[in-house]
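K.L.:
Below are the chains, spelled out letter by letter.
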Amino acid sequence: MAIITLTTDLGLKDHYVGVVKGSILKDCPNVQIVDISHQIPAYDILEAAFTLKSSYSSFPDGTIHILGVNPEVNEESNHLLIEYKNQFFIGADNGVFSLIFDEKPQRIFELTISPHEEDLTFPTKDIFTKAACHIIKGGTPEMIGKPVKDLVEKALFRAVSVGNTLKGLVIHIDHYGNVMTNIEETFFKSFRAARDFVIEFRKGEYDIKEISKAYNDVPEGEKVALFSSSNLLEIAINKGDASKLLGLRKSDTIRIEFYDR
Amino acid sequence: MAIITLTTDLGLKDHYVGVVKGSILKDCPNVQIVDISHQIPAYDILEAAFTLKSSYSSFPDGTIHILGVNPEVNEESNHLLIEYKNQFFIGADNGVFSLIFDEKPQRIFELTISPHEEDLTFPTKDIFTKAACHIIKGGTPEMIGKPVKDLVEKALFRAVSVGNTLKGLVIHIDHYGNVMTNIEETFFKSFRAARDFVIEFRKGEYDIKEISKAYNDVPEGEKVALFSSSNLLEIAINKGDASKLLGLRKSDTIRIEFYDR
Amino acid sequence: MAIITLTTDLGLKDHYVGVVKGSILKDCPNVQIVDISHQIPAYDILEAAFTLKSSYSSFPDGTIHILGVNPEVNEESNHLLIEYKNQFFIGADNGVFSLIFDEKPQRIFELTISPHEEDLTFPTKDIFTKAACHIIKGGTPEMIGKPVKDLVEKALFRAVSVGNTLKGLVIHIDHYGNVMTNIEETFFKSFRAARDFVIEFRKGEYDIKEISKAYNDVPEGEKVALFSSSNLLEIAINKGDASKLLGLRKSDTIRIEFYDR
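Chains as they are written, first to last, in our numbering: chain W, 9 to 269; chain A, 9 to 269; chain E, 9 to 269.
Quick caveat, the hints were computed from the structure, so don't treat them as lab data. Treat the hints with care, since some could be wrong.
Which copy is meant is left open, so a pair is good if it fits within one copy or across any two.
Distance condition first, Cα-Cα at most 16 Å in a straight line; then the derived EDC-like pairs of lysine to aspartate or glutamate [claimed, not checked]:
#1 Lys252 <-> Glu213
#2 Lys21 <-> Asp43
#3 Lys21 <-> Asp52
#4 Lys231 <-> Asp215
#5 Lys247 <-> Asp52
#6 Lys221 <-> Glu80
#7 Lys21 <-> Asp182
#8 Lys221 <-> Glu83
#9 Lys221 <-> Asp134
#10 Lys34 <-> Asp69
None of these values were measured; they are calculated from a predicted model.
Only chain W is shown next, with the shape it has when bound in the complex:
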C-alpha cells in the first residue's frame, strides 16, 4: 500500500484532519495515511520544516508527504509537487521546502490542477490530496503540473564557527522539554577534530563538557548533551524537563568553546 503522510497545523479537535483523510480515501482507497503531526504551531513554517526534515528519511521510497501549513498561495507563490530522494512532497512554495532539503530536488512541478472557486480556503483537502492520489494511481507529475526550476528560498540561521567557538541556537523544544539546537553532528565533529570542549548556555550559567550516547548515561535529574535521532545537538535532562529546569527557550544561543588538551 502506498503511504501518504500528513504534517499540518490543523489541530486534532476539529473535523479538518478527518475530512482530509476522507478526501484521500474517496479518491484512492488503498493507501496508508500516517499522521506526522497536526500540532505544528499555527502558521509556523520553521517548525513545519523541522518536523518534516526530521521525519521523511524514516519512510520508504515512494512515500508522499503532504505539508499543510500555510497552504495558501498568492501571485508570487504556487502549489508544488516535488520529487526528492525518491519521495514526493506536496505543499505551497512559501520557502518551507528550502528549509527541508539539503540538496537540490530531483524534480519540481508547479501544480496546475485548476481549483474550483470553493477550493480556496482548504487547499490541503481540495488540492494536495488530489495531487497525492494522482501519483498513487500511476499518473505522472507532468499531467498535473509544469516543471519549474527553483524553490522559493528562505534563509535559516545556521550554526557558525568563530575562532575556537561554535555558535548555534535552539530551534525546537519537544514534548519532554528536550532542547533541540541547529548544531549538526557532522559539523560539530569536523570542527572539533580531537579537541576538548565545553557547551555553554544561559550566558555561561550552565555548561556540559561531554557528549553522551543515551539519556541515562547521566543520573536522573542531571543535564546531558547528545546527538538526537535528527542528528542535531540536543540538551536534555535525564527524566526531566530541560527547557523548564534550565530556562532554555526557542532562539536562545548555545555556544561551544573548543580548546586543545
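Given the coordinates of chain W, work out where chains A and E should sit on it, guided by the hints.
P.N.:
What follows is chains A and E alone, placed relative to chain W:
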C-alpha cells in the same frame, strides 16, 4: 477496504479509543478506521453534530460513521443504525442525528443487539463496533435492528431573517480561533440577491462589508469573512486568532444588514 | 493484516510517533498500526501499565504491543519480547510488565538485536519496531532474542481487606474526570458475599451505597459507583467531572465497609 469513522468525546490520553479500534479489528480485520475527532467537548451533542455534519460528505459511499458522544440510552431512547445518502450512521437517539441530517434518512433501525450486562458503560466499544462490523461483513440492518420511523428531534437555533436583517450566531470556534456561524451560504445568497451588506458583531463594534474567497485576500492580521469548507459563514483573521482578538465566543450574535446600492 | 499497537509517552506534537510508524512501514508494509495512547505522562510506568493492561484483551490473537515508556536499558535491565495469552509485548524490562500480567507469560526473550551506536536515544523506533516486524514477517523470537525466566518485578499497591473493610486507592483519573480505583470486581464480589456496603472517600465526607450498571442509572450531576470496562471500581458523576467535583486525586484512599443486613 471498508471505512469506519469515529467521532467521540473519548479524548486521546486514555486507552478508550485504542480499545474501540481493537474491538473493531478483532471483529472485522480489513477495515480503514479514520478518526474524525476524539476531542468533542464532553457530552456536547451540538459540537458532535457540527463535526459530523461537516465531515460525512467527504467520505465515499458505504462509509460507516460511529458517533460516540452520549452513547448511553434510557427508556425513551435507543441505539440507532441509520442509512443516509448511502452512508451509515451509528449512535444513540438523543437528538444528535436530527441536527446532522438536512433530509429524512433513507432508513432508520433501532439496534436490537442484546447487550451483555457488562456492556452498559461503554456502548461505543461494545455495541456500535459490533453493528458496524455486521454491516461490513455483509449483514443486513434488519438482522440487528428493527425499522423505526422517526428520530428524536432536537431544535437548533437557525439563522433567521427579520426585515432587511439576517441574524445568526456563533456555533463553533476552531483550533485557529476561526469563528463559525450558523449562517449557510445558500440562505445568505438567496436572501442577499444583489444587495450590499454589512456584517456586524460585538454589538456593532466591528463590521465587515464583503465576502472573501480566501483568508489571504486581506492583509495578515486583518479580519475577513468567507464561506468555509462547511458552507457556513466564517469570521476569521488572516493568520490570526479571531475569537481571541475580536472577543467572539460561542452563542454570540452575528447580524447582517442588507441595503440597496 | 497484522496489528501493532503503540503505547508511549511520546506525545503528539513532535515527529516522534510519525517516525516510529514510518520505520514500521518501511520494514513491514502491510500492517495495521493502532495508537493506544501517546499521552502517557512522561516516564510514568504505572500509568503505562494501567493503560496497556486495560487494552490488550480487546485485540485479537497475534497482536504485537509496543510499549514505549522508559524504553532505555542499563546494566541490570534489557529489552524484552514477551508472549502472553497469544499476543506479543515489546518494551524495556523496567518492571512495567510485571504490573500488566496477572499470570506468568508463556515465553520471555531478551532481545539481542545489536543496536547501532546511534540507536541508543530512541529504542522505540530503532529496536522495538525491528523486533515487531521480525515477528510479523514470520521470524521466531529465538532468532532475535534469548529465553529468560523472569521479569523484573515491581510491587504495586493492591486493594486489601482488613476485618470488614476493603481498602484501595485511586490509580487513574480519566479524560472525563472519572476516578479509577485498584479495587477489582472479582475481589469485591467474593469479599462482599451477600452483605450490604458503603463506599467512603475523602475521609468519609462522601459515600455511595450501591453499584450501578451505567452512568445514567443516577440523575445527571449525581455521583455513581460502577465497575468500568477494565473491571475496576470506578467513581464517577453522571455527565460530570468526579475528580474535580469530589476532590479526588491519584493515590487517594477509597474504603468500603461491609455489614450484615
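K.L.:
All hints, please: hold or fail.
P.N.:
Against the structure, the hints:
1. Lys252 <-> Glu213: within (15 Å within a copy, 38 Å between copies)
2. Lys21 <-> Asp43: both (14 Å within a copy, 10 Å between copies)
3. Lys21 <-> Asp52: This pair counts as between: shortest inter-copy Cα distance 13 Å, intra-copy 19 Å.
4. Lys231 <-> Asp215: Classified as within: same-chain Cα gap 9 Å, cross-chain 47 Å, threshold 16 Å.
5. Lys247 <-> Asp52: between (28 Å within a copy, 10 Å between copies)
6. Lys221 <-> Glu80: Cα proximity of Lys221 and Glu80: across copies only (11 Å, versus 42 Å in one copy).
7. Lys21 <-> Asp182: Classified as between; 8 Å across copies, 21 Å inside a copy.
8. Lys221 <-> Glu83: between (48 Å within a copy, 15 Å between copies)
9. Lys221 <-> Asp134: Intra 44 Å, inter 14 Å, cutoff 16 Å: inter-copy only.
10. Lys34 <-> Asp69: Between copies, since 8 Å is at most 16 Å while 24 Å is not.
Hint compliance for this structure: no hint is broken.
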